[in-house]
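Sequence lines, in order, name chains S and W.
First residue of the first sequence: 3, per our numbering; consecutive thereafter.
First residue of the second sequence: 3, per our numbering; consecutive thereafter.
Note that these hints are calculated values from the structure, not bench results.
Incorrect hints may have been included.
Same chains, same label: a pair holds when it works inside one copy or across any pair of copies.
To be verified - For lysine to aspartate or glutamate, the following EDC-like pairs were computed, each having C-alpha atoms within a straight-line distance of at most 16 Å: (1) LYS273 to ASP46; (2) LYS249 to GLU296; (3) LYS249 to ASP61; (4) LYS57 to GLU296; (5) LYS57 to ASP88; (6) LYS249 to ASP294; (7) LYS213 to GLU250; (8) LYS329 to ASP318; (9) LYS160 to ASP254; (10) LYS213 to ASP88; (11) LYS160 to ASP278.
Fair warning: this is a prediction, and the values are worked out from it, not measured in the lab.
Number of protein chains: 2
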Amino acid sequence: MVIDCHGHYTTAPKELQTFRDAQVAALEDPALAPSTGPLKISDDQLRESVQPQLKFQTDRGTDVTIFSPRASAMAHHIGDGRTSLDWSRHCNDLIHRVCGLFPTNFVGVCQLPQTPSAPLANCIEELERCINELGFIGCNLNPDPSGGRWTAPPLTDKSWYPFYEKLVELDVPAMVHVSASCNPNFHATGAHYLNADTTAFMQFLMADLFKDFPTLRMIIPHGGGAVPYHWGRYRGLAQDMGRPPLKELLLDNVFFDTCVYHRPGIELLLKVIPADNILFASEMVGAVRGVDPESGHYYDDTRRYIDSIEWLSPGDREKIFYRNVGKVYARFVRDRPDLID
Amino acid sequence: MVIDCHGHYTTAPKELQTFRDAQVAALEDPALAPSTGPLKISDDQLRESVQPQLKFQTDRGTDVTIFSPRASAMAHHIGDGRTSLDWSRHCNDLIHRVCGLFPTNFVGVCQLPQTPSAPLANCIEELERCINELGFIGCNLNPDPSGGRWTAPPLTDKSWYPFYEKLVELDVPAMVHVSASCNPNFHATGAHYLNADTTAFMQFLMADLFKDFPTLRMIIPHGGGAVPYHWGRYRGLAQDMGRPPLKELLLDNVFFDTCVYHRPGIELLLKVIPADNILFASEMVGAVRGVDPESGHYYDDTRRYIDSIEWLSPGDREKIFYRNVGKVYARFVRDRPDLID
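Here chain S stands alone, though its shape is the one from the complex:
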């Protein structure tokens, strides 16, 4: 069993983007607003649209993808809370339909209707809808709804707490995941994503968030940004600040995925971070789409790198490939006891 905890619906039918384009255009000219009601997309279109993901699952020997809307398209900095809510509901509804069509291949994680200026109240409602009504098992939480301006308070600020209370109550984790950058300094997948991962980890290190929420689980994607590479720096910073050792401080609550696109990076991750804190992921179909001419394989075929680490014990391999999912995404197991042996 191999579960990919980080897949985005980057191949949705064009009708989704058409809706979004109209929605954005309507911010300038209300006459251009898209029609309300469900998008006119057939089940056949949806089946066709996820063929790339299904083919990669078959080719790479992965079984289930924890599947969420395209991260770069969340773009919470556009419009207001209403804009984000309408957009998120459409995106989440499509994920729900795909999961319904391929219930053994995809499990849903939702986009939140965040917006730079508003509180997280409307996010709680959409989170509850997705978890309780659509059967989703987690959410993507954007630490920077301003899209590269970083105007929100840190994730450890009390203003985020009502949302965390709901995560704990629903027993679902959040993946810390930014979206597109409207700051020309930050390329989305080449800088903003990794910076956000690094930033969030350091915020967690400095605060007592997990003392306040001992069962809250956060996944830091993209292999944890710069964190495992600089694990010595973080251990030293925590020590200089008089904080507890990182393991004690964070590793009951913080998990890293394996979206690192070369073998040396994966090997470092597996050496430095305990296997209990690593979840298999490939981010497919995602940030990097090409085939590495040096290896002849897709850069994002991360299973191949892990398979090649000969010193990884079978027990740790199982944890990374699927057992940790049961711990982090509690509803995954609750709803599908057949999926974890």
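Here the structure of chain S is known, so what remains is to put chain W in place on it, guided by the hints.
Structure of chain W alone, referenced to chain S:
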């Protein structure tokens, strides 16, 4: 011979901070302005102040430190161009005096009087003063003078070009180095520094800066932020964008230091990045000051990690420890032919 290309004067006599405090206070109340003229700091005070650096050099077996003002204190977001110029001149003058007192131990690199709103004109003048009059061999260039708001254009924007022309003319490199963060999201040494390193690399990847300036050299510190750990991602992104391979695109011009504070991180860096592009550095006395209880040694004693990599060839070790300095910091060799054999 071991040359540490990244040391900051974090131990300056308190008179320097007293000046700065008065300068900042004067922004609110001009009556509090510090007196003009040189700071009243004796040579004995300066000698005493760098004893920690000299002791680390002896204890760790390093010979020369390329020495610049405290990076986190540059704080270009405070005040205006005049504020930054007065502050930079004092900081640079102290570096010059330390280098004069210990000419075989320290070689100077300057802080620039950057400011968020102004062009780089006053930076050129101070750069010329430091290189031509004070004998410095490079500068620290802040890609985000706003201190975590990231309001400047990317480093590849044409507005930076007059400054790069001067770097090329003087034949000196720039280390890309941000300063303190006034954005509560970003801890300086735990997030902002690494994010800036990552951000700058991706900016370089997307633009033709080094086609326009084939001899321009940039050092990305802190082991390159997240870059070596995600080298596969960057190779793939360049490929997806139709850019040349990274080696061809960037590695005549971009160099990484070894400020990575654990052996697995250093090993990854040495595996992934060609030895021609790595410069030894420890950032001492710097970001992390403690002793690692697991090893019994200082986290920032980076020489120890490199020494322990048994597969590193003697030739590559020499490049990293000192030979590459001759290539990147051309004036280091020109002014001190005795220092490189």
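Against the structure, the hints:
no.	hint	in the structure
1	LYS273 to ASP46	neither (44 Å within a copy, 47 Å between copies)
2	LYS249 to GLU296	between (36 Å within a copy, 13 Å between copies)
3	LYS249 to ASP61	neither (36 Å within a copy, 31 Å between copies)
4	LYS57 to GLU296	neither (23 Å within a copy, 45 Å between copies)
5	LYS57 to ASP88	neither (31 Å within a copy, 62 Å between copies)
6	LYS249 to ASP294	between (35 Å within a copy, 15 Å between copies)
7	LYS213 to GLU250	within (11 Å within a copy, 49 Å between copies)
8	LYS329 to ASP318	within (14 Å within a copy, 45 Å between copies)
9	LYS160 to ASP254	neither (20 Å within a copy, 47 Å between copies)
10	LYS213 to ASP88	neither (35 Å within a copy, 45 Å between copies)
11	LYS160 to ASP278	neither (28 Å within a copy, 47 Å between copies)
The structure shown violates the earlier hints numbered 1, 3, 4, 5, 9, 10, 11.
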